[in-house]
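Asker: Throw the hints in and build the complete structure from the sequences for me.
Listed here are the chains, written in short residue letters.
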Amino acid sequence: MSLTREIGFVLNGVRTRATVPVAMSALDMLREVVGLTGTKYACGEGECGACTIVVDGRSLCSCLLFAVDCDGRELTTIEGAERDPLGARLEQAFVDCGAVQCGFCTPGMVMQAQHWLQAHPGASRDAILRAIEGNLCRCTGYVKIVDAIERVAREAP
Amino acid sequence: MTVIAKESLIGKRVAKLDAPEKASGRTRYVHDLDLPGQLHARILRSSRVHARIVSIDTSRARALPGVHAVLTAADVPWQRPLGVGRDQLPLKGDRVRSLRDEIAAVAAETVEIAEAALRLVDVVYEDLPPLTDVRAALAPGAPVIHEGRPPTKGAERPDAASHPNVAMTFDYAQGDVAAGEAASDVVVDGWFRLHYVTHCCMGVSGMIAQFDATGNLTLHSNTQVPFLHKREFAEILGIDPGRIRIIQPPIGGGFGSKLDIYPFEPICVFLAKATGRPVKLVFTREEEFLASPTRQPVLLRLTSGARRDGTLTFRVCETLHDNGAYTSWGATTPFVMMQTISSLYRVPHVRYHTTAAYTNNPYAGSFRGYGNLQATFAVEQQMDELAEKLGIDPLAFRLRNAQDPGEVTPQGMHFRTCGLKECLATAAGASGFLAKHAAARAAQRAPGRVKRGVGMASMLHVGGGAKIYPSDGCGTILKIDDFAHVTLITGASEIGQGSETVLAQLVCEELGVPLDAITVVNNDTDITPWDVGVHASRTTFIGGNSAIGAARKAKAKILAAAARSAGCAEAELDLRGGHIVRAASGEAVTTLAKLLRSLHFSDRAELVMTTHYYEPPSRHQDAAYKGDVSAAYAWATQVVEVEVDTDTGVVRLVKVTGAHDVGRVLNRLGIEGQIEGGIVMGQGYALTEDLVVDHGVVRNPAFRDYKLVTAPEIPAMDVHFIETMDGEGPQGAKGVGEAPAICMAAATANAIANATGVRLRELPFTPEKVYRALRSAAG
Ligand code: FES
Ligand code: FES
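Just so you know, the protein sequences line up as chains A and B, in that order.
Each residue of the first sequence is one higher than the one before, starting from 228 at the first, in the working numbering.
Each residue of the second sequence is one higher than the one before, starting from 2 at the first, in the working numbering.
These are computed hints drawn from the structure, not numbers from a lab.
Any given hint could be a false lead.
[To be verified] In the SDA-like style, the derived pairs of lysine to any residue whose C-alpha atoms are separated by at most 20 Å in a straight line are:
#	chain 1	residue 1	chain 2	residue 2
1	B	K7	B	R605
2	B	K656	A	D353
3	B	K595	B	G579
4	B	K656	A	E360
5	B	K595	B	K627
6	B	K708	A	E272
7	B	K708	A	R357
8	B	K554	B	K627
9	B	K708	A	G361
10	B	K627	B	G176
11	B	K13	B	R577
12	B	K274	B	R81
13	B	K708	A	E274
14	B	K554	B	T520
15	B	K656	A	G273
16	B	K556	B	I11
17	B	K708	A	V260
18	B	K708	A	E360
[Stated by the list, open to error] The calculated label-pair distances, taken between Cβ atoms and stated as ranges, are:
#	chain 1	residue 1	chain 2	residue 2	range
19	A	R285	B	R450	51 to 57 Å
20	A	R357	B	G392	26 to 32 Å
21	A	R357	B	A439	32 to 38 Å
In this text the structure is predicted, and so the values were computed from the model without any measurement.
Here a beta-carbon is modelled for each residue, glycine too, at the ideal position from N, C-alpha and C.
Answerer: This is the structure:
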């Protein structure tokens, strides 16, 4: 029905092509066109962080990004997080520290934490609390999420 | 000789079994599932708060390419009423009573086409007078929301029950209130207003419905009560319950929201039936705010009295519940509210009454704590008010009236274990409550913009299930394969709270196998045995006892076989570390796997497979609401420290010190997570969350305007566990899921009063409300 465009990007280290409607969000492209469902929809308007991915080294709400604007860029989603040692350590820390309850916010939290720690290794607990300010969690009360991120921040890389 | 030491996982910090899948994004929630040939559904909802439907024309929608079905009430004349009150049809035909009302539904190739089709449905309404104030709903001559409908509960008070808008009434009494009043030296009295909040599960509502060739229905559903829903869906759809299979994919948060059937679920089934294809229906976040249940809003008047010596004399509680347009579990929260009124502290004389009245507002469901946040908000504020009047400190006053183990309350609740006094002492001691309270009180009038204060509140909640249905039980099937791998098939649902991990731990404890030797199957009614559902903080207690029962039967069978082959008594053997060992020395006799194979591959060939059904020794309440509904009761005290900015009205939560009687800690990591999450949910209820319902319209259906607590706002938390080792609990444990959210608003109100001398009885404590209250108190 709607106008489509073919775009190319690097997704979790793999060169990828996709044909997407021009009005589609990057979130819908990942979930429905590419078929990677680890990135979550929980609001669709940039308010919850469940859809967080990393684009060219910056964390973004994929629900606010047009799919066509991914053309020529490098994308990392939760499915690619563990290819990076920092991502793998974060996922393990989330497991060990009890940071996961229903798990729906978890992929976005991991992606946001990975992006943040990349730029701010050794970040303080207060800085971590602010770093995940845009990521809502209804289950955990955030304490164990911050524990997990802080553990990774304290460890030698 | 290998000696194997006894190891236990009980009380350890055990990572959740489902966490690696979730942390790596592999878990597939209902939103992530697609079935071959699946269509996508959307629902058209009313654009009027209260109206007669004159006509619905779907011809343009049906003509849209890619549309497979458009349904209205006229297409499903056989549909039957649903929900707790059976007072609504899934698709509304002649009248809409709230903005969430479902009028038409579309199944199409894509979500976009389904949405486009909705815009082509033409509905003509004739407005009816809207009724959106619960007091006005009970006025003589008020518009009637449901004609010809008797109130669901008893009509003990004919005056209230006779109004056609009364949906439910509840009356409870103990002792002689007049005698209590006469014996009182001090009395406090006040109105409390509890607002709308909503669950905000991060995973929005959704379902996939599919019929097979022979008419069997499979639902991929987020329900918290799969076995109850099997029967209810069958009733609504007019089909044999045996033909319904409910599969629960991992759920993106429950908190009570998924205890009732909502119209979208049968509608999804209607569409699957009409199209012969699997149909998936997933809400948008806006729809989640508009069309999923809320916490019960309550107007509450409480009067409490005490003697000069500090003993409580009586309580009278009257509540008015806005029932909304239809009846769901929110309307039944008085069951829990009256328990807190009658039994959180010892009080001889009580009268309790609730009227729930229909309006054109959203309707409330069950939500973590189930009425207890509302009742505790009033009771615990008046505990402080009475203490103040009596000149007794708030801790001593509570200790004086606190329940003790062994007590049976006038309502019939039997507290076999009760750690309330330890909770009070521990939370107060660890937080330095008394000194801080006295200091803040003395500094109320001192100069300074930011005032600090401290407040406490306690709670009582069911901790051993709740006998609401004919059975409060849970079934387990346990099988052990030739390699000593255990499959634990349980009726108990996992909603992120960590039940599958706790159940696995309990089985490990019995069978002496490592955690990775257990697979838990818990999400398919064709496989799992019956369970009443995940609610009332019951799963660890009930599901746990059921799992232990099945494991003990397996253990007895294994030890009998091992004793036969070792030529000794069963009592001389035990299971440890995947081995059969001599109980006294720990010396390994053989591996468990070898023994199981020798049982299997013998001329007596048998497998180890056991079943167990656990039904707690609790009782239904009688018609007067008396009875011991839970096999155990949980207790807690929370102390909240706040800073109030008197120039802006901003309240900052500095620290929460909690002491929880949980019976026994099973998984320390899991229970801490439950408490921390509950504290922050309670913080949101007290300070930030407010679903604004304005003349029947939800004004803030987005996270932008509905404020969940974010990470930088959380308080410091210091949580203590009181282990009272409940005799009926699995390894001594009691339920804890709801407890941590319950005291927060009450304790925060008490802390603000301690800081400023101003008592707030209306939630939430937004800056504007606090600022205005401080200004008007200052004159
Ligand atoms: S779904 Fe993108 S921020 Fe919520
Ligand atoms: S774990 Fe459920 S929303 Fe964060």
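Asker: Any hints from earlier that this structure breaks? Give me their numbers in increasing order, please.
Answerer: 1, 5, 8, 15, 17, 19, 20
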